[in-house]
Amino acid sequence: MSEAEAAILEIDDLTVTFGGVNAIAAVRTTVRPRELVAVVGPNGAGKSTLLNAISGLVRRQTVGEIRFAGKPLHTLSATRRAVAGIGRSFQNPPLVDRMSVVENVMAGAFGVRDYSVLDQLVRWRKVARSERAREQQARTSLDFLGLAGIADTPTSEIAYAQRKLVDIARALMSEPALLLLDEPTSGLGRSEHAAMADVLRRLMEPGTMTILMVEHHMDLVRDAATRVIGLQAGEVIADGATREVLDSAEFQASLVGTHHNKAS
Amino acid sequence: MNNVLLAIFGGLPLGATYSLIALGMVLIYRTTGTFNLAHGQFMLLGAFVLANWQLRRPGSFVLGLALALIAAGVLSALLYVLILSRTVGQPHWVAFVATLVLGVGLDAAMSLIFDQPSYNISIPAMPDGVVDLFGVKIGWSSLVVGAIGILLSVLFILILRFSRLGVQVRAAGQDPVLASQGGIQVRRVYVGAWVIGGVLAAIAGVLYGSSTIVDGSMSGMALVAVPAMVLGGLDSFEGAIVGGLAIGVVQGFITVYLGGEYVNVVTYSILLVLLLALPQGLFGTQEVLKV
Amino acid sequence: MTTSVVEKPAATTGSPVRPWYLRMRSGLFLAVTLLAVTAFVTTTQFDYNIFLYNTFLLTCIGALAMNLLMGTSGLVSAGSAGFLAAGAFTAVWFDRMDLPFVACVLGGGLMAAVLGLIVALPAIRLRGLALGLGTISVHFVVVFVVDQYQQRTPGVGVIGFNLPPLFGTTVQVQHEWAWLLLGVVVLAIALVSLLGAGRTGRALRLIRDQEQIASTQAIPVTGYKMMIFAITSFMFGAQGALTGFLVGQVSSEQFTLMLAMQYLAMVMVGGLDSVWGAALGAAIFTALPFAMQHLVAAVLGAQQASLNGAKYGVIAYAVLVIAFIVGAPGGLVSLVREGARRVQARRSAKR
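Residue numbers (the working numbering), protein chains in the order written: chain A, 1 to 264; chain B, 1 to 291; chain C, 1 to 351.
Please keep in mind that the hints were generated in silico from the structure rather than gathered at the bench. Note that this is a predicted model, so its numbers are computed, not measured. We put the beta carbon where it would ideally sit given N, CA and C, even for glycine. Don't take each hint at face value.
[To be verified] Heads up, incomplete: computed chain A residues facing chain C, CB under 10 Å, no partners named: (1) Gly87; (2) Arg88; (3) Leu95; (4) Val96; (5) Glu103; (6) Gly111; (7) Arg113; (8) Ser116; (9) Ser130; (10) Ala171.
Modelling step: build the complete structure from the supplied sequences, incorporating the hints.
Here is the structure:
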């Protein structure tokens, strides 16, 4: 992890304005490969907005520069950003209830354009082969997250914690270089927390993944994150190695609405 | 110049009618979030009931009017309670299709009940004849109808803004959970909104019907109130009045300068342009139509 | 690629991979069923009934298109009548230029598709309610244009344009139409089923249910909406052209907002995102006017039936749609599935 290694994500002077109010203001930061960066801060600090800006969901309201692996990202549409290698999970998992779990996960691989719409109409064997491979990949992904048992269940019938994991499984399908996670543990109970922490550990283990994660639960942040960015009222108030930031006096003082759990 | 005046004077009474309809639709939209495409049928029912009453019992206008308003209000409440309140969980367009279909069904049902080819409404003490305004001949009744319509619309807005009921309506529409915690009976407000909306439409029907004849085609007018609503801003009451009058005048101009058959296509092209360029209309809040 | 995270499973994958064509099965089943029904109808029914069956087949095309548009992709459109009109009038226009039947039908479809793109292109940015309103506007514009065409074209009768009979005046006309239309409907089923499967189907459903984030899954949302609009408009256009040839007469008054609503209603009653739902909806709405005629005649007498039968039909249609919206929003197919599930549950409970 040398200083010379190129950053995977550079955010420069990013401002997002809704109806005259800055949700995030002049945010400047860098994410380097293989880091797990946690974005923390009180409610309304702009954490989700930051992720949305990186995903490209609020382009009209955004000014500033974002570079991904050296190339400009802010000029790309959300679709192109996903193709470029940015994966995303959401606070409230946006799944398709009337599809099965495995179908929802397979949907995440859309950007891997292995066959076209025209192919679907005429080249059935090619499509069949691709679909089988894709389904295998999806089931493997579900296995990895411990969800093999619900793979064929209609998504409307699974538990909330499982929905969060399916959302992440879907995000992994395109093998993103940068994974954006929006409050992966929100709405989860104690044991599900631990499971999620385990998932994060295993995601980082091979050393191919970079994660930028919005999180409220400080124990998870302390456990999994290599770096912490603190946001308050849309501005970056802290940015550095996990322990440094979390232990600093100013940061402790600014914590409102976050969870301390020393007995984890 | 004559033509311009003709267009305006012809369009204003029409616009006043649209305003009353649009006001009712905005009220319903802001409280229950439903886009009521069956509104024209409330208008038609009010007109039919009064006209039918006047046919059988000429001379008791007030009673007939009361019946008409009650009928429209009751129908409106029933529609909400029995049908629309049950579409709450589903995507927006389900209610859209539901009211569209209801409208068509009500049209058919009413044409079975009120089976004369056309009816007439006469409002007592309505002046007859034609007046000459700046060189343009205009029927007195049209003028009076227009004036009453505008007056009622403004009155409605004042009540909404300054009365306790009005405040409750706006609160319930904005945040029903918070409103009910503040002691407002949200469901009652919803039903009330539908009733008032229906009554407004019935008044519009009576007013408009008195200046022309009453037949099944009247319900198609309410669909034109949609561009009026969008122009004014889907969730703005003041916008409904402005939008209604504006569309009325525009239609007046179209009729005078292009001819009656162009009215629909121009009006709806305006709607399309609005949806694309200015979906929040003149006075609506941003993001009211998720575009 | 080989260092991908997902290749390090915590447990082995024991689950079988399902055949990819699973979603296609019901389409195949429907096609076979319609084949059997067509064979039955053409061999046992007399001409008028076969004609009615043909109108049902035509309605199926639109219902299938609507199912793909609204059921799978979530795009609400009240513009169906406009696209039907575009197809019918293009067929008339091509026919007046002495182009052959196939050209007229394909031309009708293409014209409707182009129209669908041009007009939908700006409207694509709209969602849900706004899209529905936008398509209502489209309806009025299109109907206006075809009406003007009808008014200004010389030699048009009061009742509109005439199209030449397709199979001549032989006795077997309706039979031949039935098989032709069956072929078209089978193609439509295949198209809708294929598009509703695989990665396209998943993308469309994500656009339907979670449009705001679909782009983060690399789905080109606008492009796909345009594609679906073009394809479904093509289907409606082809249907309009074919109908013109079957009935022999095309007039602008045929294309009303009410007609457009019927297509909305039939997929809602039949069941959204289901080819069987589309076919069932089409069947119900084809049969409804006749059923009502008979019912009214039986209950209120023949005179009422001939005078007001149509109106009772409209009321019945409205009641039907509302009943389903309120009571069974998933349509008939969901009722059937629920019924099957209950039977299944009862059976396994008994064991």
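Hint by hint, here is what the structure shows:
1. At about 8 Å, the closest approach between the beta carbon of Gly87/A and any beta carbon in chain C falls short of 10 Å, and the interface hint on this residue holds.
2. The interface hint given for Arg88/A is met, as the beta carbon of that residue sits about 5 Å from the closest beta carbon of chain C, less than 10 Å.
3. Evaluation of the Leu95/A hint against chain C yields a held restraint, the C-beta minimum of about 7 Å falling below 10 Å.
4. A distance limit of 10 Å between C-beta atoms decides the matter here; for Val96/A the minimum to chain C is near 5 Å, and the interface restraint holds.
5. The restraint placing Glu103/A at the interface with chain C holds, with a minimum CB-CB distance near 6 Å, inside the 10 Å limit.
6. With its C-beta approaching chain C no nearer than about 3 Å, Gly111/A sits inside the 10 Å limit, and its interface hint holds.
7. Using the Cβ-Cβ criterion of 10 Å, the hint placing Arg113/A at the interface with chain C is satisfied: the shortest such distance is roughly 8 Å.
8. Taking 10 Å as the C-beta cut-off, the interface hint given for Ser116/A holds, the closest approach to chain C being about 9 Å.
9. At a threshold of 10 Å, the smallest CB-CB gap from Ser130/A to chain C is about 8 Å, leaving the interface hint in force.
10. Residue-level restraint check for Ala171/A holds (minimum Cβ-Cβ distance to chain C is 8 Å; threshold 10 Å).
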